[in-house]
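Participant: First residue of the sequence shown? That's 1 in the numbering used here, and the numbers climb one at a time after it.
Treat the hints with care, as some may be off.
What the hints assert, rightly or not - Subject to a maximum C-alpha distance of 27 Å in a straight line, what follows is the list of computed BS3-like cross-link-like pairs (lysine-lysine):
| # | residue 1 | residue 2 |
| --- | --- | --- |
| 1 | K529 | K162 |
| 2 | K529 | K159 |
| 3 | K159 | K530 |
| 4 | K526 | K399 |
| 5 | K529 | K288 |
| 6 | K93 | K168 |
| 7 | K399 | K529 |
| 8 | K168 | K529 |
| 9 | K288 | K526 |
| 10 | K93 | K159 |
| 11 | K479 | K514 |
| 12 | K470 | K514 |
| 13 | K399 | K530 |
| 14 | K526 | K470 |
| 15 | K162 | K98 |
| 16 | K530 | K168 |
In case anyone wonders, no lab produced these hints; they're calculated from the structure.
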Amino acid sequence: MLTNLSINLLLSFSLVLDLILAGIIAWKSAKKSIDSIFALCAVFVSLWSFGILMFRLVDNFTQALFWNREFIVAAAFIATTFLHFTLVFTGTKLNPLKTLLLHLPAVLTSFLVFIPNAFIRDIIMRTWGKESILGYLYPFYGLWYVTYSGAAVGILFVKMLKASGIFKNQLLYMLIATIGTYSIGMYFNLILILLGNYRYVWVGPYNSLFMVSIITYAILKHQLMDIKVVIKKTADYTIPFLISLICLWIINDLLPIPQIYKYIIITLVGGLFIRYYNYRKHLEFQEKQAVLEEKLQRMSVLESMRQSISGCAHDLKNPLGQIEAFTNNLARKLPRDVAKDEYISFCLEILQEATATLGTRIKDMLNEIKSTYALSGTLAQSAGNERYSLIEAEAEAAKRVLGVFSGIVNRDFPDTIYPAIPMNTLVIILSNLYTNAFAALSATSAPSITITARDLNEHYFLLEFADNGKGIPQEHQNKIFDLGYSTSGSSGIGLSWIRDTVRLAPNSGDITVKSTPDQGATLILKLRKKPS
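Full structure from sequences and hints, please.
Facilitator: Right, here's the structure in full:
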């Protein structure tokens, strides 16, 4: 069992940390009403912890009764201030009258608690500590407390069901923190008390510190934007501490050494756990940083190549235009007898065809660079793009490029897939895939394109883009995603851009190919889904 000293140290730690957190919020976020409300809630949590601590420490009945009443009042204001915080956070407007009515039960409790026998009839000394004998108003106090706490959880839950995007995630992780705290706190500090068990009244304050710490850290560091990270980090640091307490509980009666040495041993054990955790996280961070640097370097090289290709295309465009104009003028102005010379006529035709072909290739290259790379900057915004379905993106791409080919496309994918990549980027990817398929189908008597999609797991889906064209020879399949490589006379930019786009964070996807010559080819994209 935990000793009284251990419990009192836990309560002291909880109330001091709650006060520090409240002070930090008030100091750094005083201009925001929502942060001030939560700071006030943290103050009442610390007063609650302080009241329970003093209730355990004092020796006479009068002082014990005072502190018993104090932490009852503090708990009442915890319920009202947290409900107030929940309402404001979820967008509910409260005028001064509604705010007063919201806190009215706690205000009434502050007066009614001093009526003799109303909340506390007696305080009895037990071998394990003090036990309060409840009065006739305490069950009603418990009822409205449960109502307020349930209302806060219910509001978070209902708003979460209706919300979307980042706000939905905020509400979800606030709900997780709140339910965990309230479930444990109500069991030890309400249900057991109503059943006459005051022995574990100290559990609630330390448990509430979990929720206060999560939301405080989120307010200061993440503006409540990444509560999932905060919950995980808090749990990672709390678990070693709890393990230390369990070890202390186990060895308390086994080691015949002074209590202070037991605390030192447990502190060292907890410190080693936390140090190991930090070391593992540091290694994970280094690995992620290396991957990110590699992707950024690849994008830098890709951007340099884009600029070089674009510059070369522009440099070639002007002299090529001059050659084309000179050739056409020469063909028109040659003397008739010279123009009839078969060899000269043949050379002029070859020159005109070559310049026309080069002009078309340069024009296509510039257009493709412009269309595929103009949206590269949208990748950084992929976490914040509007929610859309795969069906919408494919329909937009089909509208842009299919035209008379719309009848050859077969589609098989559900309407419940929501890609994380920005819609305009996915539309360009699908447009490029259609263009490649058309080139492969040019000599096919009964051309067809089949697009299928299915969920891969919770985070990814697979999109398969198949055609029944000439296929891709085995020796070319590893090269088709290289920049500038092409087997159809195109610029060789589209597939390379698709690969780098879907692989780049935060998309973190991939594209592969499988093909059998003369039986068609299938391009398989692994794409991230937008969180629900």
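Participant: Taken at face value, is the distance from the CA of K530 to the CA of K159 at most 27 Å?
Facilitator: holds, 20 Å
Participant: Checking one constraint from the list: CA of K93 to CA of K168, max 27 Å. Satisfied?
Facilitator: holds, 19 Å
Participant: Under the criterion that the straight-line Cα-Cα distance not exceed 27 Å, is the pair K399, K529 satisfied?
Facilitator: The hint holds at about 23 Å.
Participant: Straight-line Cα separation of K526 and K470 no greater than 27 Å?
Facilitator: holds, 24 Å
Participant: Between K526 and K399, does the CA-CA distance stay at or below 27 Å?
Facilitator: holds, 23 Å
Participant: Quickly compare the C-alpha distance for K529 and K162 to 27 Å and report which way the hint goes.
Facilitator: holds, 20 Å
Participant: Holds or violated: are the alpha carbons of K288 and K526 at most 27 Å from each other?
Facilitator: Holds - the C-alpha atoms of K526 and K288 are around 20 Å apart, at most 27 Å.
Participant: Between K529 and K159, is the straight-line Cα distance small enough, at 27 Å or below?
Facilitator: Between K529 and K159 the Cα gap is close to 23 Å, so the pair holds against 27 Å.
Participant: What's the verdict on K529 and K288, does the C-alpha distance respect the 27 Å limit or exceed it?
Facilitator: holds, 20 Å
Participant: Please verify whether K530 and K168 have alpha carbons no more than 27 Å apart.
Facilitator: Holds. K530 to K168 sits at ~13 Å (cutoff 27 Å).
Participant: Taking 27 Å as the top limit, are the C-alpha atoms of K93 and K159 close enough?
Facilitator: Measuring from Cα to Cα gives roughly 15 Å; hence the hint holds.
Participant: Can you confirm whether the C-alpha distance between K162 and K98 stays at or below 27 Å?
Facilitator: holds, 24 Å
Of the numbered hints listed earlier, not one is contradicted by the structure.
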